[in-house]
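Protein chains: 4
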Amino acid sequence: MVPVMDKAALEAFLAREFPQVRDDFVIEEVAPMAVRVRMVVAERHLRPGGTVSGPSMFALADVGIYLAILAMIGPKALAVTTNCSIDFMRKPAFGRDLICEARLLKLGRVLAVGDALIFSDGMEGAVARAGLTYSIPPTG
Amino acid sequence: MVPVMDKAALEAFLAREFPQVRDDFVIEEVAPMAVRVRMVVAERHLRPGGTVSGPSMFALADVGIYLAILAMIGPKALAVTTNCSIDFMRKPAFGRDLICEARLLKLGRVLAVGDALIFSDGMEGAVARAGLTYSIPPTG
Amino acid sequence: MVPVMDKAALEAFLAREFPQVRDDFVIEEVAPMAVRVRMVVAERHLRPGGTVSGPSMFALADVGIYLAILAMIGPKALAVTTNCSIDFMRKPAFGRDLICEARLLKLGRVLAVGDALIFSDGMEGAVARAGLTYSIPPTG
Amino acid sequence: MVPVMDKAALEAFLAREFPQVRDDFVIEEVAPMAVRVRMVVAERHLRPGGTVSGPSMFALADVGIYLAILAMIGPKALAVTTNCSIDFMRKPAFGRDLICEARLLKLGRVLAVGDALIFSDGMEGAVARAGLTYSIPPTG
Numbered sequence: 001m002v003p004v005m006d007k008a009a010l011e012a013f014l015a016r017e018f019p020q021v022r023d024d025f026v027i028e029e030v031a032p033m034a035v036r037v038r039m040v041v042a043e044r045h046l047r048p049g050g051t052v053s054g055p056s057m058f059a060l061a062d063v064g065i066y067l068a069i070l071a072m073i074g075p076k077a078l079a080v081t082t083n084c085s086i087d088f089m090r091k092p093a094f095g096r097d098l099i100c101e102a103r104l105l106k107l108g109r110v111l112a113v114g115d116a117l118i119f120s121d122g123m124e125g126a127v128a129r130a131g132l133t134y135s136i137p138p139t140g
Numbered sequence: 001m002v003p004v005m006d007k008a009a010l011e012a013f014l015a016r017e018f019p020q021v022r023d024d025f026v027i028e029e030v031a032p033m034a035v036r037v038r039m040v041v042a043e044r045h046l047r048p049g050g051t052v053s054g055p056s057m058f059a060l061a062d063v064g065i066y067l068a069i070l071a072m073i074g075p076k077a078l079a080v081t082t083n084c085s086i087d088f089m090r091k092p093a094f095g096r097d098l099i100c101e102a103r104l105l106k107l108g109r110v111l112a113v114g115d116a117l118i119f120s121d122g123m124e125g126a127v128a129r130a131g132l133t134y135s136i137p138p139t140g
Numbered sequence: 001m002v003p004v005m006d007k008a009a010l011e012a013f014l015a016r017e018f019p020q021v022r023d024d025f026v027i028e029e030v031a032p033m034a035v036r037v038r039m040v041v042a043e044r045h046l047r048p049g050g051t052v053s054g055p056s057m058f059a060l061a062d063v064g065i066y067l068a069i070l071a072m073i074g075p076k077a078l079a080v081t082t083n084c085s086i087d088f089m090r091k092p093a094f095g096r097d098l099i100c101e102a103r104l105l106k107l108g109r110v111l112a113v114g115d116a117l118i119f120s121d122g123m124e125g126a127v128a129r130a131g132l133t134y135s136i137p138p139t140g
Numbered sequence: 001m002v003p004v005m006d007k008a009a010l011e012a013f014l015a016r017e018f019p020q021v022r023d024d025f026v027i028e029e030v031a032p033m034a035v036r037v038r039m040v041v042a043e044r045h046l047r048p049g050g051t052v053s054g055p056s057m058f059a060l061a062d063v064g065i066y067l068a069i070l071a072m073i074g075p076k077a078l079a080v081t082t083n084c085s086i087d088f089m090r091k092p093a094f095g096r097d098l099i100c101e102a103r104l105l106k107l108g109r110v111l112a113v114g115d116a117l118i119f120s121d122g123m124e125g126a127v128a129r130a131g132l133t134y135s136i137p138p139t140g
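Residue numbers (full-length UniProt numbering), protein chains in the order written: chain A, 1 to 140; chain B, 1 to 140; chain C, 1 to 140; chain D, 1 to 140.
These aren't lab readings, by the way, just hints derived from the structure by calculation.
Accuracy of the hints is not assured; some may be wrong.
What the hints assert, rightly or not - In silico EDC-like links for lysine to aspartate or glutamate, alpha-carbon gap of 20 Å or less:
| hint | chain 1 | residue 1 | chain 2 | residue 2 |
| --- | --- | --- | --- | --- |
| 1 | D | Lys7 | D | Glu43 |
| 2 | C | Lys106 | B | Glu29 |
| 3 | D | Lys91 | C | Glu17 |
| 4 | C | Lys7 | C | Asp23 |
| 5 | C | Lys106 | B | Glu43 |
| 6 | B | Lys106 | C | Glu101 |
| 7 | A | Lys106 | D | Glu17 |
| 8 | B | Lys91 | B | Glu43 |
| 9 | B | Lys106 | C | Asp121 |
| 10 | C | Lys7 | C | Asp24 |
| 11 | D | Lys106 | A | Asp6 |
| 12 | A | Lys91 | A | Glu29 |
| 13 | D | Lys106 | A | Glu43 |
Take the sequences, apply the hints, and build the full model.
Shown next as structure tokens:
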């Protein structure tokens with residue numbers, strides 16, 4: 001299966017539907033069943049001490065899998081997150097962007113399952129790992 | 001075991017350490033191994049259509065368990081979230097605050113485990129359920 | 001909502017459909033959206049040292065939520081586990097049965113979500129906590 | 001880092017410490033921070049209809065990450081599973097062995113985090129995906 005939406009189409013969708021977060025995320029690559037998304041880390045994502053907050057990392061994993069689904073099924077369906085399990089493994093590097101490698105493991109008619117690795121730009125080991133499930137509403 | 005920090009002490013801690021989110025959360029009740037926290041829902045927590053976003057609900061569950069731990073062990077230790085598994089079950093009611101009922105199931109020397117139910121104020125069934133693990137650093 | 005299957009009906013279903021595990025589980029109570037199930041711990045459930053194994057605790061949480069769903073929707077539907085997140089919190093007491101308190105938090109048309117607390121018979125704190133999601137196939 | 005235990009050493013450990021499951025698992029490959037383990041599927045792992053049961057898949061993911069940890073830190077430490085989040089994505093093929101690709105994402109002093117993909121031998125998409133956390137007790 002090949003994606004039906006490319007980088008430009010996904011960015012246009014994000015800007016139109018989620019204007020409040022469009023400046024947070026840059027789509028770096030779209031591939032079959034996978035996307036890479038950069039989170040442009042700003043003051044509002046930080047905890048005291050300069051670490052990116054847990055909710056911000058959750059948001060990045062969530063948007064990564066969401067975009068990977070949309071890339072495959074197109075912008076018409078409204079997928080909804082039903083479950084996320086996330087492990088926070090390392091402290092992100094101070095003041096660096098985060099990179100999310102998201103891939104789909106299952107793209108069913110009703111449920112999609114993906115996992116995401118989040119890296120601190122320039123650091124080797126992943127800072128977080130997440131598995132997410134989305135419910136895909138029936139079209140029609 | 002009884003809490004070593006009460007509502008006022010937890011609120012002062014939140015205001016001092018997390019000034020950027022202090023207006024989001026109101027601590028409603030502190031009990032042994034449990035707290036109830038209200039999230040004052042504002043524009044910045046919403047998705048298009050007026051639903052509270054997933055990351056905002058994650059943040060509420062996270063802060064709920066965090067405060068339940070602090071209430072028991074005091075403000076000196078710096079607990080860190082290591083895992084969260086969250087189920088999104090219902091769409092929150094439009095424009096309503098969220099209420100988080102957080103309780104600790106285990107408060108060990110090294111790990112604490114808790115779960116949280118999140119309700120949309122005035123709605124019956126929980127909108128989300130989360131289990132969280134925190135790593136508690138050694139005091140020294 | 002009241003259960004459509006009682007203890008006797010659930011036990012008969014378990015004996016008929018899952019003969020290989022019917023001796024492992026005793027249904028102790030059935031209530032709206034909840035069941036209590038005992039696991040009769042035997043040699044085959046143990047790890048060296050006499051602790052109940054993780055997979056056995058997983059199996060108990062799984063059967064608990066499964067029976068809670070069946071009690072509400074009847075024996076005709078074939079619910080399938082799609083996700084389980086389980087925290088192992090304490091070592092079960094040596095040679096004691098396990099008790100699972102399972103409750104449903106959501107019973108939708110397509111997905112059911114429940115959580116389970118597992119206790120070692122006679123011990124106070126829960127030994128494990130699990131959240132499970134089941135996919136409910138369409139009838140008809 | 002290179003493994004300190006190879007295939008033969010891990011198999012001898014498994015046979016000695018877990019005699020009751022040693023026939024279930026074959027270690028196929030050991031690499032830095034990763035192992036591949038085969039589950040030799042037998043009658044006792046099946047649900048009616050011939051599908052491998054959820055608890056059996058959980059057991060395979062658990063043993064896979066456990067062996068990946070032991071391979072790196074040696075047989076002396078007793079690692080304990082503290083959390084597992086598992087997604088069941090596809091029905092395993094009838095009567096086929098399962099293959100678990102386990103890798104460690106973090107191997108800390110106190111906690112290890114890994115993920116596992118489980119395949120039905122000969123089938124393309126993964127049947128299950130799991131993330132696991134282990135607590136590593138202090139040596140000394």
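Okay, the hints, checked on the actual structure:
no.	hint	verdict
1	Lys7(D) <-> Glu43(D)	violated (26 Å)
2	Lys106(C) <-> Glu29(B)	violated (26 Å)
3	Lys91(D) <-> Glu17(C)	holds (18 Å)
4	Lys7(C) <-> Asp23(C)	holds (15 Å)
5	Lys106(C) <-> Glu43(B)	violated (28 Å)
6	Lys106(B) <-> Glu101(C)	holds (17 Å)
7	Lys106(A) <-> Glu17(D)	violated (36 Å)
8	Lys91(B) <-> Glu43(B)	holds (17 Å)
9	Lys106(B) <-> Asp121(C)	holds (17 Å)
10	Lys7(C) <-> Asp24(C)	holds (16 Å)
11	Lys106(D) <-> Asp6(A)	violated (33 Å)
12	Lys91(A) <-> Glu29(A)	violated (25 Å)
13	Lys106(D) <-> Glu43(A)	violated (28 Å)
Hints 1, 2, 5, 7, 11, 12, 13 from the list above are not met by this structure, while the remaining hints are.
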